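Colleague: In case you want the letters, here they are:
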Amino acid sequence: MGDSQYSFSLTTFSPSGKLVQIEHALTAVGSGQTSLGIKAANGVVIATEKKLPSILVDEASVQKIQCLTPNIGVVYSGMGPDFRVLVRKSRKQAEQYHRLYKEPIPVTQLVRETAAVMQEFTQSGGVRPFGVSLLVAGYDDNGPQLYQVDPSGSYFSWKASAMGKNVSNAKTFLEKRYTDDMELDDAVHTAILTLKEGFEGQISGKNIEIGIIGTDKKFRVLTPAEIDDYLAEVE
Amino acid sequence: MAVEQANLCTPQDAAVVRTLRVFRDPHVDRELEPATVLIIITKHVMSSPSLNFQTQISGLILSLSFSGQRNMSNSVIEVPPKGGFSFDLCKRNEMLAKKGVNPPSFRKTGTTIVGLVFQDGVILGADTRATEGPIVCDKNCEKIHYMAPNIYCCGAGTAADTEAVTDMVSSQLQLHRYHTGRESRVVTALTLLKRHLFNYQGHVSAALVLGGVDVTGPHLHTIYPHGSTDTLPFATMGSGSLAAMAVFESKYKEGLTRNEGIELVTEAICSGIFNDLGSGSNVDVCVITKGGKEYLRNHLQPNPRTYTNSKGYSFPKKTEVLLTKIIPLKEKVEIIEGGDAMEE
Numbered sequence: 002m003g004d005s006q007y008s009f010s011l012t013t014f015s016p017s018g019k020l021v022q023i024e025h026a027l028t029a030v031g032s033g034q035t036s037l038g039i040k041a042a043n044g045v046v047i048a049t050e051k052k053l054p055s056i057l058v059d060e061a062s063v064q065k066i067q068c069l070t071p072n073i074g075v076v077y078s079g080m081g082p083d084f085r086v087l088v089r090k091s092r093k094q095a096e097q098y099h100r101l102y103k104e105p106i107p108v109t110q111l112v113r114e115t116a117a118v119m120q121e122f123t124q125s126g127g128v129r130p131f132g133v134s135l136l137v138a139g140y141d142d143n144g145p146q147l148y149q150v151d152p153s154g155s156y157f158s159w160k161a162s163a164m165g166k167n168v169s170n171a172k173t174f175l176e177k178r179y180t181d182d183m184e185l186d187d188a189v190h191t192a193i194l195t196l197k198e199g200f201e202g203q204i205s206g207k208n209i210e211i212g213i214i215g216t217d218k219k220f221r222v223l224t225p226a227e228i229d230d231y232l233a234e235v236e
Numbered sequence: 631m632a633v634e635q636a637n638l639c640t641p642q643d644a645a646v647v648r649t650l651r652v653f654r655d656p657h658v659d660r661e662l663e664p665a666t667v668l669i670i671i672t673k674h675v676m677s678s679p680s681l682n683f684q685t686q687i688s689g690l691i692l693s694l695s696f697s698g699q700r701n702m703s704n705s706v707i708e709v710p711p712k713g714g715f716s717f718d719l720c721k722r723n724e725m726l727a728k729k730g731v732n733p734p735s736f737r738k739t740g741t742t743i744v745g746l747v748f749q750d751g752v753i754l755g756a757d758t759r760a761t762e763g764p765i766v767c768d769k770n771c772e773k774i775h776y777m778a779p780n781i782y783c784c785g786a787g788t789a790a791d792t793e794a795v796t797d798m799v800s801s802q803l804q805l806h807r808y809h810t811g812r813e814s815r816v817v818t819a820l821t822l823l824k825r826h827l828f829n830y831q832g833h834v835s836a837a838l839v840l841g842g843v844d845v846t847g848p849h850l851h852t853i854y855p856h857g858s859t860d861t862l863p864f865a866t867m868g869s870g871s872l873a874a875m876a877v878f879e880s881k882y883k884e885g886l887t888r889n890e891g892i893e894l895v896t897e898a899i900c901s902g903i904f905n906d907l908g909s910g911s912n913v914d915v916c917v918i919t920k921g922g923k924e925y926l927r928n929h930l931q932p933n934p935r936t937y938t939n940s941k942g943y944s945f946p947k948k949t950e951v952l953l954t955k956i957i958p959l960k961e962k963v964e965i966i967e968g969g970d971a972m973e974e
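Chain order of the listed sequences is A and B.
Note that this note's numbering has the first sequence beginning at 2, numbered continuously upward.
Note that this note's numbering has the second sequence beginning at 631, numbered continuously upward.
These are calculated hints, taken from the structure and not from any lab test.
Please read these numbers as outputs of a predicted model, since none were measured by experiment.
The beta carbon of each residue, even a glycine, is placed where N, CA and C say it ideally should be.
Be aware that a few hints might be false.
As the list claims (entries may be wrong) - Straight-line alpha carbon distances no greater than 35 Å define the calculated DSBU-like cross-link-like pairs of lysine-lysine that follow:
#1 K93/A to K824/B
#2 K90/A to K721/B
#3 K824/B to K920/B
#4 K219/A to K923/B
#5 K824/B to K721/B
#6 K920/B to K219/A
#7 K93/A to K51/A
#8 K93/A to K923/B
#9 K218/A to K207/A
#10 K197/A to K103/A
#11 K218/A to K923/B
#12 K769/B to K941/B
#13 K93/A to K920/B
#14 K90/A to K166/A
#15 K881/B to K728/B
#16 K207/A to K769/B
#17 K219/A to K824/B
#18 K90/A to K923/B
#19 K721/B to K103/A
#20 K219/A to K166/A
#21 K103/A to K824/B
#22 K93/A to K219/A
#23 K920/B to K103/A
#24 K172/A to K51/A
#25 K920/B to K90/A
#26 K941/B to K955/B
#27 K824/B to K769/B
#28 K172/A to K207/A
#29 K947/B to K103/A
#30 K219/A to K160/A
#31 K177/A to K160/A
#32 K51/A to K218/A
#33 K960/B to K947/B
#34 K207/A to K51/A
#35 K920/B to K218/A
#36 K51/A to K90/A
#37 K160/A to K197/A
Said to hold, decoys possible - Derived, one-sided and incomplete: chain A residues facing chain B with beta-carbon distance under 7 Å:
#38 R92
#39 E96
#40 R100
Given these sequences and hints, build the entire structure.
Modeller: This is how it looks when you write it as structure tokens:
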């Protein structure tokens with residue numbers, strides 16, 4: 002198609018009305034490791050595979066789920082280095098908001114500002130879009146919330162969502178299993194089962210990462226021991 | 631210079647002109663500016679209360695004219711530079727100070743803040759009076775500011791400065807904690823604060839007592855408005871610092887227990903409260919140990935409000951209430967029924 006002529010420059014639209022670089026960025030996301038999030042009635046859970054390139058890598062040093070504020074956490078699919086940059090910027094924005102208004106930043110505001118940063122990189126010269134999609138989980142005055150932010154800068158609120166490899170299978174599984182009145186523990190079990198669906202090899206507390214936030218409004222990443230407990234319950 | 635052409639009506643005017651001539655500094659190779667002349671004249675007016683002199687002086691000012699004939703290249707009217715601070719008037723200020731015309735001095739705000747290291751950690755103490763010159767504007771303000779879960783900071787000086795600086799560094803420490811995943815260290819807070827204060831060359835008037843417990847142990851530091859710091863086992867700052875330091879110097883010893891430490895801090899603050907006009911009201915104490923912190927707000931209240939009239943106070947009513955029902959004199963609005971006013 003004539004698209005290929007327009008695929009190198011980010012700031013030029015193709016004749017079909019697409020920005021081809023963003024499509025490519027989404028492809029990069031789609032080849033990243035699976036991650037998913039589920040919003041329960043009393044909390045949110047986000048999870049991801051933590052497949053390391055070799056058994057020699059120190060898996061305790063790799064942390065894919067990060068905390069942005071005490072009550073907001075984030076996970077990604079795609080390029081890790083891009084994720085680190087976004088996390089740093091988001092943390093700074095959350096802190097600036099807090100300094101100005103003396104209130105913890107609402108989840109929607111933080112998502113909006115992160116999405117604005119990602120959009121900036123789709124309209125500036127000499128830069129490329131971020132090769133990550135984020136799943137932001139938070140609990141504020143509006144209750145538990147789960148947002149997905151794409152490389153284009155668009156964001157959506159989801160009840161349950163998945164990204165990365167195996168996304169269609171994961172989403173179908175979630176659609177079947179999701180109920181509106183799920184509790185947080187049920188949501189964790191569902192997340193583990195969904196990850197298990199497309200998992201190659203033996204799933205354990207060391208090769209997946211789970212982050213939860215409940216009514217206490219404190220985001221935390223589960224320890225491998227806790228994940229193993231949940232895994233035992235699932236089987 | 632055109633002041634020679636001024637209308638010399640009285641001997642006082644001649645005195646002013648003589649002063650002006652003296653002030654024309656040969657080292658500064660530019661004309662005396664209108665601002666400088668005004669300062670000198672005002673000083674003379676202030677020192678002489680007679681009205682006559684003042685009216686003569688106003689006549690003198692009006693007849694002053696600065697001719698631009700001599701130096702067209704250095705125009706007297708200054709266009710403000712495009713950006714940055716203009717240091718032109720600093721030389722003038724220096725010259726005036728040398729001749730004895732000093733700028734107004736700043737008001738020192740009053741406070742007593744103290745800190746000491748005891749066997750398990752650090753105890754900070756502060757009074758709770760905030761002053762605006764001779765007036766107490768807040769009888770129970772909070773001078774012990776949060777920096778990190780394990781670090782607190784007492785602030786003396788301009789309240790806005792201490793609050794803004796501690797807030798800003800607290801924010802920076804929070805970001806640092808996210809990035810490193812570790813507890814903040816007291817020296818980190820210390821360095822961030824002193825760098826900021828040094829950059830502003832003492833204009834941010836914040837004198838701080840910083841204390842906390844981190845992985846390396848308990849620490850106590852003082853930070854001065856110009857950016858210098860001290861590390862001490864016990865420290866005091868503020869206008870009541872001498873009174874508090876007297877107590878510390880006589881009673882401090884190493885290895886105090888928690889209760890002994892709190893008692894000593896309270897005594898030191900009370901000494902500041904009762905002997906310094908700038909400090910007063912209640913005592914706030916904050917105990918920081920490895921396990922956590924205890925913020926004892928209003929730990930001691932040695933200045934309660936006594937002798938209030940139990941019957942309350944009745945103030946005689948001065949304004950008469952004329953009518954309790956308000957009847958409009960005329961209906962102001964006429965309602966037009968039907969028709970669409972926005973049709974066209």
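Colleague: Now, for every hint given, state plainly whether the structure supports it.
Modeller: Checked hints:
1. K93/A to K824/B: Given pair K93/A, K824/B holds - Cα atoms ~22 Å apart, limit 35 Å.
2. K90/A to K721/B: Roughly 44 Å separates the two Cα atoms, so the pair is violated.
3. K824/B to K920/B: holds, 25 Å
4. K219/A to K923/B: The given pair, whose Cα atoms are some 20 Å apart, holds under the 35 Å limit.
5. K824/B to K721/B: holds, 28 Å
6. K920/B to K219/A: holds, 23 Å
7. K93/A to K51/A: holds, 26 Å
8. K93/A to K923/B: Given that 35 Å is the threshold and the Cα spacing comes to 27 Å, the pair holds.
9. K218/A to K207/A: holds, 26 Å
10. K197/A to K103/A: This hinted pair is violated, its Cα atoms lying about 42 Å apart.
11. K218/A to K923/B: holds, 22 Å
12. K769/B to K941/B: Within the cut-off at roughly 24 Å; holds.
13. K93/A to K920/B: Between K93/A and K920/B the Cα gap is close to 28 Å, so the pair holds against 35 Å.
14. K90/A to K166/A: Roughly 26 Å separates the two Cα atoms, so the pair holds.
15. K881/B to K728/B: violated, 45 Å
16. K207/A to K769/B: violated, 57 Å
17. K219/A to K824/B: Holds: K219/A and K824/B sit about 33 Å apart, inside 35 Å.
18. K90/A to K923/B: holds, 31 Å
19. K721/B to K103/A: Violated, because 43 Å separates the two Cα atoms, which is more than 35 Å.
20. K219/A to K166/A: Answer holds: K219/A to K166/A is near 29 Å, not above 35 Å.
21. K103/A to K824/B: holds, 24 Å
22. K93/A to K219/A: holds, 19 Å
23. K920/B to K103/A: holds, 27 Å
24. K172/A to K51/A: Holds, because 19 Å separates the two Cα atoms, which is no more than 35 Å.
25. K920/B to K90/A: With Cα atoms ~32 Å apart, K920/B and K90/A stay inside 35 Å; holds.
26. K941/B to K955/B: holds, 32 Å
27. K824/B to K769/B: holds, 29 Å
28. K172/A to K207/A: Within the cut-off at roughly 24 Å; holds.
29. K947/B to K103/A: violated, 43 Å
30. K219/A to K160/A: holds, 20 Å
31. K177/A to K160/A: Holds, at roughly 13 Å.
32. K51/A to K218/A: holds, 25 Å
33. K960/B to K947/B: holds, 31 Å
34. K207/A to K51/A: Holds. K207/A to K51/A sits at ~8 Å (cutoff 35 Å).
35. K920/B to K218/A: holds, 25 Å
36. K51/A to K90/A: Distance ~23 Å between K51/A and K90/A Cα, so the pair holds.
37. K160/A to K197/A: holds, 20 Å
38. R92: Holds, about 5 Å.
39. E96: holds, 5 Å
40. R100: Given a least distance of 5 Å, the restraint on R100/A holds.
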